[in-house]
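K.L.:
The lines below spell out each chain.
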Amino acid sequence: METINKYTASFGASLAITSILSAVLVVIKELSEDKILAFMKNLTGHHWATHGLFIVLAFVLIGFGLAKSNNGQGLNIAPGRLITFIVCAVVLSGLIIAGFYLLAG
Amino acid sequence: MTEVILMAHVLFGMLCIIAAVWLFVDVLNANEGNQGRIKTMSIAVAVLMWLAYLIGGYWYLVFYAADKAVILKGPWPFAHKFFMEMKEHVVIMLLLLTTFLPIAASNNLGRNKAARKLMLWVVGLVVLIGLAMDGSGAIISIGTKAGLMKG
Numbered sequence: 023m024e025t026i027n028k029y030t031a032s033f034g035a036s037l038a039i040t041s042i043l044s045a046v047l048v049v050i051k052e053l054s055e056d057k058i059l060a061f062m063k064n065l066t067g068h069h070w071a072t073h074g075l076f077i078v079l080a081f082v083l084i085g086f087g088l089a090k091s092n093n094g095q096g097l098n099i100a101p102g103r104l105i106t107f108i109v110c111a112v113v114l115s116g117l118i119i120a121g122f123y124l125l126a127g
Numbered sequence: 680m681t682e683v684i685l686m687a688h689v690l691f692g693m694l695c696i697i698a699a700v701w702l703f704v705d706v707l708n709a710n711e712g713n714q715g716r717i718k719t720m721s722i723a724v725a726v727l728m729w730l731a732y733l734i735g736g737y738w739y740l741v742f743y744a745a746d747k748a749v750i751l752k753g754p755w756p757f758a759h760k761f762f763m764e765m766k767e768h769v770v771i772m773l774l775l776l777t778t779f780l781p782i783a784a785s786n787n788l789g790r791n792k793a794a795r796k797l798m799l800w801v802v803g804l805v806v807l808i809g810l811a812m813d814g815s816g817a818i819i820s821i822g823t824k825a826g827l828m829k830g
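As given, the protein sequences belong to chains A and Z, one line each in that order. The working numbering numbers the first residue of the first sequence as 23 and each following residue consecutively. The working numbering numbers the first residue of the second sequence as 680 and each following residue consecutively.
So that you can see chain A by itself, here it is in the shape it has in the complex (with noise of 0.2 Å):
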């Protein structure tokens, strides 16, 4: 079977993950202006800034993570298992962001 490098599994299962985690931060803060955005907003100055360094922060300190897993080989995914995590997740985050705006609008 043909295999994937170790930064390229981990990073891309870290994409796959942040992206989640990114939209699920969009519905949370929206629904807590008082608490969650005004903290936010608090870091940096404006939440959607704070959002954007945390997004990238957990998509290098997670990649890295898995990289370093498995006794330093990376995570063991298959090509396949990836592409189909990558874009489920995407899709889903998409359609989560779009469908909380489309109804909070």
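None of these hints come from the bench; they were simulated from the model. The structure displayed is predicted, hence computed values, not measured ones. Certain hints may be false.
Every beta carbon over 10 Å from chain Z, so not counted as near; a handful from chain A, in silico [stated by the list, open to error]:
1. Glu55
2. Met62
3. Leu65
4. Ser91
Calculated lysine-lysine pairs in the DSSO-like style (CA-CA distance at most 27 Å, straight line) [claimed, not checked]:
5. Lys57(A) - Lys747(Z)
6. Lys718(Z) - Lys792(Z)
7. Lys28(A) - Lys796(Z)
8. Lys28(A) - Lys718(Z)
9. Lys792(Z) - Lys90(A)
10. Lys752(Z) - Lys829(Z)
11. Lys752(Z) - Lys824(Z)
12. Lys90(A) - Lys796(Z)
13. Lys28(A) - Lys90(A)
14. Lys829(Z) - Lys90(A)
15. Lys28(A) - Lys792(Z)
16. Lys760(Z) - Lys63(A)
17. Lys747(Z) - Lys824(Z)
18. Lys718(Z) - Lys760(Z)
19. Lys792(Z) - Lys63(A)
C-beta: ideal position from N, C-alpha, C; glycine also.
Position chain Z against the provided structure of chain A, taking the given hints into account.
P.N.:
Quick look at chain Z alone, frame taken from chain A:
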């Protein structure tokens, strides 16, 4: 000056989509000969996306409040309530997808069919989401224009 910033955001966004289409075609025909160009183009897509994101982000944080007020009082409030709100968050996924491209391109795509398939899916998502972001930006612009014409 604000118009130049906004136009630079659109310019880099469009260049990112064009570079991604180029990359898609190159990956479809991946071989030992174009491996170097695939790596270069994947970095180019990521850099162009980061430029579009940072410039657009600066404009959004510093100048967008005035436009937002105009849009919300105009005939197209959904240009902000749906399209801008959706765009500003979906674009973060686009940033992650493009940042992942140089990592995925580090595999030998000429020999590795699985890695090639992964690249094609990710680049395909970049192009589709990029076009959706571009269209959303156009609707936001028209929302502002409609608001100004009404006032």
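K.L.:
Next step is simple, just say for each hint if it's right about the structure.
P.N.:
Here is what the structure says about each hint:
For Glu55(A), the shortest C-beta to C-beta distance to chain Z comes to about 13 Å, beyond the 10 Å cut-off, and the non-interface label holds. At the 10 Å boundary, the C-beta of Met62(A) stays outside the reach of chain Z, the nearest C-beta of that chain being 13 Å off. Under the 10 Å C-beta cut-off, the non-interface status given to Leu65(A) relative to chain Z holds; the minimum distance is some 14 Å. Against chain Z, the non-interface label of Ser91(A) holds: every CB pair exceeds 10 Å, the least being about 16 Å.
Distance restraint check for Lys57(A) and Lys747(Z): the Cα-Cα separation of roughly 23 Å lies within the 27 Å cut-off, and the hinted pair is therefore satisfied. The hinted pair formed by Lys718(Z) and Lys792(Z) meets the criterion: a straight-line CA distance of about 16 Å does not exceed 27 Å. Between the alpha carbons of Lys28(A) and Lys796(Z) the distance comes to roughly 16 Å, so the proposed pair stays at or under 27 Å and holds. Restraint check for Lys28(A) and Lys718(Z): the C-alpha separation of about 17 Å stays at or below 27 Å, so the hint holds.
Note on Lys792(Z) and Lys90(A): the hinted pairing holds, with a Cα-Cα distance of about 25 Å set against a maximum of 27 Å. A threshold of 27 Å between alpha carbons decides the hint, and for Lys752(Z) with Lys829(Z) the separation of about 9 Å falls inside it, so the pair holds. The suggested pairing of Lys752(Z) with Lys824(Z) holds, with an alpha-carbon distance near 12 Å, which does not exceed 27 Å. As the CA atoms of Lys90(A) and Lys796(Z) are separated by approximately 25 Å, the hinted pair is consistent with the 27 Å bound.
This hinted pair checks out: Lys28(A) and Lys90(A) have alpha carbons roughly 9 Å apart, not beyond 27 Å. Distance restraint check for Lys829(Z) and Lys90(A): the Cα-Cα separation of roughly 58 Å exceeds the 27 Å cut-off, and the hinted pair is therefore not satisfied. With a C-alpha separation of about 16 Å, the suggested pair Lys28(A) and Lys792(Z) falls inside the 27 Å cut-off, and the hint holds. Of the supplied pair hints, the one linking Lys760(Z) and Lys63(A) holds, its CA atoms being roughly 19 Å apart against a limit of 27 Å.
At roughly 11 Å between alpha-carbon atoms, Lys747(Z) and Lys824(Z) fall within 27 Å of each other, so this suggested pair holds. For the hint pairing Lys718(Z) with Lys760(Z), the CA-to-CA distance comes to about 38 Å; that exceeds 27 Å, so the pair is violated. For the hint pairing Lys792(Z) with Lys63(A), the CA-to-CA distance comes to about 45 Å; that exceeds 27 Å, so the pair is violated.
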